[in-house]
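Student: Top line first, the protein sequences correspond to chains A, B, C and D.
Under our numbering, think of the first position of the first sequence as 1, with each following residue one higher.
Under our numbering, think of the first position of the second sequence as 1001, with each following residue one higher.
Under our numbering, think of the first position of the third sequence as 2001, with each following residue one higher.
Under our numbering, think of the first position of the fourth sequence as 3001, with each following residue one higher.
Keep in mind the hints are simulated off the structure, nothing from the lab.
This one's a predicted model, so the numbers in the text were calculated from it and none came from an experiment.
C-beta atoms are modelled at their ideal positions from N, C-alpha and C, and glycine is treated no differently.
Among the hints, a few may not be true.
As the list claims (entries may be wrong) - Far from chain D, some chain A residues (derived; all Cβ distances over 12 angstroms): (1) M29; (2) R52; (3) M117; (4) W127; (5) F129; (6) N137; (7) F145; (8) W151; (9) L153; (10) A206; (11) C216; (12) P248; (13) Y311; (14) A330; (15) P432.
Said to hold, decoys possible - Label-pair distances were calculated between CB atoms; the ranges are: (16) V44/A <-> G2715/C: 31 to 41 angstroms; (17) Y135/A <-> T3127/D: 17 to 27 angstroms; (18) G2073/C <-> D3140/D: 24 to 34 angstroms; (19) G3109/D <-> W127/A: 28 to 38 angstroms; (20) E3087/D <-> L133/A: 17 to 27 angstroms; (21) L141/A <-> A1165/B: 27 to 37 angstroms; (22) T2069/C <-> P3061/D: 27 to 37 angstroms; (23) L141/A <-> Q3120/D: 24 to 34 angstroms; (24) E2342/C <-> S1161/B: 37 to 47 angstroms.
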Amino acid sequence: MATAPDLLPYDRIRADLFRPLSRVSRRYMLATLIFFLVGAAGLVAWGFQLRRGMGVTGLQRPVFWGVYIVDFVFWIGISHAGTLISAILRLTDAAWRKPVTRAAEAITVFALMIGGMFPIIHLGRAWLFYWLLPYPNSRLLWPNFRSPLLWDLTAIVTYVTGSVIYLYLPLIPDMAQLAEHNTPWRRRLYGALSLGWTGSDREWHALERAMKLMACVILAVAVSVHTVVAWDFAMALAPMWHSTIFGPYFVAGAIFSGIAALIVAMGILRKVLHLESYLTRRHFDRLAKLLLLMSLLWLYFTMAENLTVWYGNEPKEMAVFGARTRGAYAPWFWTTVFLNFVVPFVLLGIRRLRTIAGATIASASVLTGMWIERFIIVVPTLANPRLPSASSFYRPTWVEAAITVATFAAMAMLFMIFAKLFPMIAVWEFQPHPQEDD
Amino acid sequence: MTHTQHRWGMAIDLDRCTGCAACVVACHAENNLPVSTPELAAEGRTAHWIRIDRYYQGEFPDVKVKYMPVLCQQCDEAPCEPVCPVYATYHNPEGLNVQVYNRCVGTFYCANNCPYTVRYFNWFAPQWPEPLPLQHNPDVAIRPGGVMEKCTFCIQRIKRSKEDAAQEGRPLADGEVRPACVQSCPAEAMVFGDLNDPESKVSRLAGNGRATKLLEELGTKPKVFYLHKAT
Amino acid sequence: MDRRDFFKIVSTASAGALAGCGNHTGKVIPLLVPEHEIVPGEEQWHPAACTECAAGCGTLVRVMEGIRTIERGGETVRQRVAAIKKIEGNPLDPISGGRLCARGQASVQSLYHPDRLRGPMRRSGERGQARFAAVSWEEALGQAADEIARQCGADPLGIVFVAGPEPGTRSLAIQRFTAALGAPAPVVCSIADHAVERRAADMVFGWKGLPVYDLARAHCTLSVGADFLGGWASPVYYARQFGAFRQGRSNVRGRLIHAESRLSLTAAAADRWLPLSPGSEVQFLAAIGHLLLDARLARNTDALPKQVAAAFQSADPGALLASCGLAEKRVRELVRELGESEAPLVLAGASLVHTNSLDAVAASHYINLMLGNVGEPGGVLAPASAAAPGRRPHDSLPDGLPGQQPAPNRAAAEGLAGAQVVLIDSANPVYTMPRSAGVRDALARAKLVIALGSFTDDSAAWADLLLPDHHPLESAMAVVPAVSRQLAAVVSTPFVEPLYDTRAVESTLADLARRIGVEYSPVTPRDIVEPLLAQPSAAGGATYDDVARQGGIWLDAPPAEPRLAGVALELASARFEGDPAQYPFLFQPYLSLEFHDGRGANLPWLQELPDPASSSIWGLPVEIDPQTAAKLRVANGDMVRVESPHGSLEAPAYVHPGAVPGVASMAIGDGHEHYSRYASGRGANPLAILAPVWEKSTGALALGATRVRLARAGGSRGWIQFAAPDREERPFGRR
Amino acid sequence: MVARAAAAPSVQPIAYSHKQHLALGLECLDCHSSADTSAAATLPSVRKCMLCHAKVAASNPEIRKLAAFAANHREIPWQRVYGFPPEALVKFPHAPHVRASIACDRCHGDMTKATTAELQVKHTMGTCLGCHRQYKATEDCAACHY
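Based on the provided sequences and hints, a complete structural model is requested.
Tutor: Here you go:
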């Protein structure tokens, strides 16, 4: 089948990977524009929400957290694609990772940017979001560090900072190359961004060490971020949220959806940017196996979570469990199991079906399934509070739908712009020179 | 008067309560609760700082109905308090679980973490057709859209009574402070007072054999005591 | 006196003229110098009277500063007004005791209601369309006076004044007005005037007025057919009594057994509820009487008239209880409990009037008689109005008071049928009378219809002239409480300026009488209060001003011994209109605590009060038992068609776990054609489809005498439940 | 949170002089008469002004303006200088502060030198808290925000 990209001549690699940057087709422009418009529509919906009030959402007592929080958890989960996978692979020196890491790191940064907006979108008085930040003020008012939301804010800000650095570092050598022969504005852009990289040994070593260090740091931060996201729920005194399993469960789910996002992104990039010889079946196969592993892990956690609740038979928890598995939300719960387990198990477990298409389809299924899974975690608990008389049912409105759809469009748009500014695969990693020693 | 600090509490005798909802309207009138419309109500936008929970028990013909007024339990270990990232809800020195509207940014976390679901959100900026605003109680804030609100134990009445007593240079008497719900209750099912005063009526009722607390097992230490129906 | 006090005394106005709207670049609306001193932030409490039902609670009204913007002389000005913030009970009033029900407290919303009539109006569309154009009082009163005078000349009997049941200055004024015109006495058109209870007390004990049940001192109470904690005679008074009955005594906890065909608020509060078949109250009470006599638990049998005792004795409890749908064994246990109690009490009423309700209430009085509690502590007590002749308070009142006599609905329907000129005040006959009673036709036929209320309601929509009344809180008035052991009048003096160009009905009637040129002496609260001040039990030297200051007068009434007339006990079965084969269900429209006879429906606070049975807000359902619901395949919120031989309605269903099988109940309140933005055109009026069946001897509308059939009429149409689950137990627990 | 924007002295409808009145021996409470008993200090009604000014200095053009308002049955449209709009969600009762012997000038500046009302002390939460801390008064949020 396809040759390993490492075996291709470096000039060809360079040409192949830099080519998408120099040309923007009309269809590409159009697609970007459409995504922009959908994203802008989401902003309009948000503007409407800011103007009218949170009542334009389907949120109602007692379901105070809904689609926005689902989106938040989902996108923060997707962000684990990224960095976590690339960091693990980098640390374990898996050579096949080379064409995969940049896309993964970009997903992380964009997913975090998008996910990080939701806590603000979701605020009753979003314009006061800065009150959550600790800043000096004459009234000596500080935010409450006992609140998991503050931990969350801290973790996410750290993670965003870390992942931007982590995306940026391996871009430096590529940008230095791009600054050489290019249109004037691009020369200026890449020149500035490459921070005067000359390619000296000292620089290579510094970069190498920085990336190793960041890979270690980002791993720890990524695990903690999603644990803290899980604690937003687990620290609450709500049935089926107040659970010790939530930290690892959310981390596993995040990596699961992250890998799926990466596969989907690769599947699309491969076609759109004509990277068939770089993103080969081998890459998909390896990632698919990883995805299958995570699917099984997800199933294990889901069972562990639900089985203990069912066996314990505590009435308040059973109300939520029942709503999930047999009541109003049951169709969604079982859809989740189907999309997150049955589909990937069949498509990825059977070698014959584990093709590029198969892996992409399974990943899309997992992405959908994981979004719904987050809904199933967030909503039924709130809809079935401890005092039954306050029970309710939550139905999102068009505003929430518009903003959710807009975030997907925004992701696509950011990714498409990124792909036209930076090579989607780190070119220098294929360079025969400076690190022949590895 | 051996104590200087008050610790406000309430006792609700379910053997007296008839579920007549006088307390609910009293609360609406006292606390400037937004007036809903059928459209808003259909979206779950009504607010009732005190509500009557109603449950049927048994099957016909041996059906019973249980009515139970539920308001903010003013927990000593309130789950809503630690989760607020901006200290918009906190415990004040008199044991009240206070909601500061100015500070609230609307994360909803407090409401999620309230096991009694007694927190209500201002989904929209409230509107009153003219001349209904003439009825507004000037002692109580008109809450803007986007903030959480809940029962305050009629803090404005506590303050007014304390101010009256201070003007007259005397201590507060037991029963002098009456939140609107307590004041209105025809069956006198609700009693309000100082739990730090062992002789107060509410302290004595809290020690009654029928007294329990709602969801006591969660360790929230509510300051509302329910006296269960005697048989 | 220091300088400061001088200022305080001399100056009538001191309040902070906080002019401007903060931003001095904005247009400054001038602020008028206020009439009275109101310090911002300071509260005043004024006594007033509640007129939301006939109970006549004394209230205290909290008044504080309010600023409103008005047009004056073509200029927009701001006016500092005394605004009513809250209504509470008057602690001096023995009825309310400082407490107040939901409806009484919500009545401030009708004062500041956005759709209150702001001045007189004249019809500009067809009758019933509720299209009106503003006119001046001069013009409106002129037209009214002309046409009434013309009718007076032709046939004064064609003038019908439809009034509410609340006795007081208002009813006195109306009575004087009709008397002055030579017209028939005003017809009270209400489904809440308790005509049956009044007649029964008169018939058995010779008492005028509603008997008072001394619940607080009873030990065991059997209540039959009276939802005394819900929409019955004096809800605040009885709720207070109930609280004391239950937990007001250190050694006794009152036990309440409640028999009613509906799981009402009273049934819910009771220790045991006996679900009666509708209309079987008299059979039930006859069986109780028999069982008490049988078990020798009636301690005062001798007092019972011979033929009544015989009637009880000859009753067959087994058959009777079977017709009530009750198990005999259980009832026997309860009878023993009642009979052995130190202070037993039977409290019967006709919350749901049936054709035989009078017999039931009469039977209950005889049972109280045999239990020996009549006039005793913890028993049934004579109303103040039943005091010995010559000392009866209302005898000493000028002209007596209407509403103290039962005023049958049938008479109202018949009176309206031939009316040429109709005046309507404090009543809404188009809403409260069944369609089959022909009220609309009568109003359409009349030459002139005048409505005196504050709102364009269902009946006012048929009027030619609207002469809007002040809100009660803007009026001087006196009200006589319906259930009272004291000789009482609650007095309200106006302390807020009328908001709009309205006039008190008393002054409108005086003005009309003057224009018509008939002898009429205007009514003031003094007309009610001064005869009471002349009573021997009144405190010496007390003046009308003292009474007005404390919000009323409450005097001990001399005890009234029952004067037994020995009326026989009848055991007629209730009659139901409609063929049982075609109309298999019984229908019970009932008066709820929130909406009473439907008049509470225009207030948003009451609309968003969850219905105690179904927890629905902004809409009332038909309550159906679970088996029937299963048969009809309806779930909560599904629409149900209720069809009687006289009409049909569609309303959301509530599958009520406590509904008596085969009986559909529905609270009255929805289905106003016109009644402000909050009530117009929403839901269905259960009264509309009733058959014109009347209680056989009083002529009260038999609310529960219509058969219906039920059918599913489609899925949910926006039925809103505040608290959805009926049960505390969770549905998904493993057993 | 923040007091309303100050009105410049010139925009007040009448050139009232605090200085002059205080120099005549009047005290704050003479005109702002419920400061020690009530939440609001209150501004005097035009009627109260006219108690003296019906005779005193009646020919002064500013007093004529005053008389015109009174004759017209209109309050003087003073521009508000202190106070909180309802949306500030804060309550300030004067009486307890007067009872605690906090001098008026602590929050309103030295009016013996001022003519028309003008903003001399900015009322922010910082100002309130600073004083409360100094006097060890309550720092409970619900003391003012409810």
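Student: Against the range 27 to 37 angstroms, how does the distance between the Cβ atoms of L141/A and A1165/B compare: consistent or not?
Tutor: 31 angstroms, holds
Student: 24 to 34 angstroms was suggested as the range; check whether the CB atoms of L141/A and Q3120/D agree with it.
Tutor: For Q3120/D against L141/A, whose Cβ atoms are near 26 angstroms apart, the range 24 to 34 angstroms holds.
Student: Would the least Cβ to Cβ distance between P248/A and chain D come out above 12 angstroms?
Tutor: 39 angstroms, holds
Student: Is the Cβ of W151/A farther than 12 angstroms from every Cβ of chain D?
Tutor: 23 angstroms, holds
Student: Determine whether the Cβ-Cβ distance between Y135/A and T3127/D falls within the hinted range of 17 to 27 angstroms.
Tutor: 20 angstroms, holds
Student: Could you say whether the range 37 to 47 angstroms given as a hint is met by the Cβ separation of E2342/C and S1161/B?
Tutor: Holds, at about 41 angstroms.
Student: Measuring from beta carbon to beta carbon, are T2069/C and P3061/D in 27 to 37 angstroms?
Tutor: At 31 angstroms between Cβs, range holds.
Student: Taking C-beta pairs only, is A206/A more than 12 angstroms away from all of chain D?
Tutor: 48 angstroms, holds
Student: Verify this label for me: L153/A is non-interface relative to chain D, using a Cβ-Cβ cutoff of 12 angstroms.
Tutor: 22 angstroms, holds
Student: Could you let me know if the closest chain D CB is still more than 12 angstroms away from the CB of M117/A?
Tutor: 27 angstroms, holds
Student: Verify the CB-CB distance for G3109/D and W127/A against the hinted window 28 to 38 angstroms.
Tutor: 33 angstroms, holds
Student: Could you say whether the range 31 to 41 angstroms given as a hint is met by the Cβ separation of V44/A and G2715/C?
Tutor: 34 angstroms, holds
When each numbered hint is compared with the structure, violations occur for hints 6, 18.
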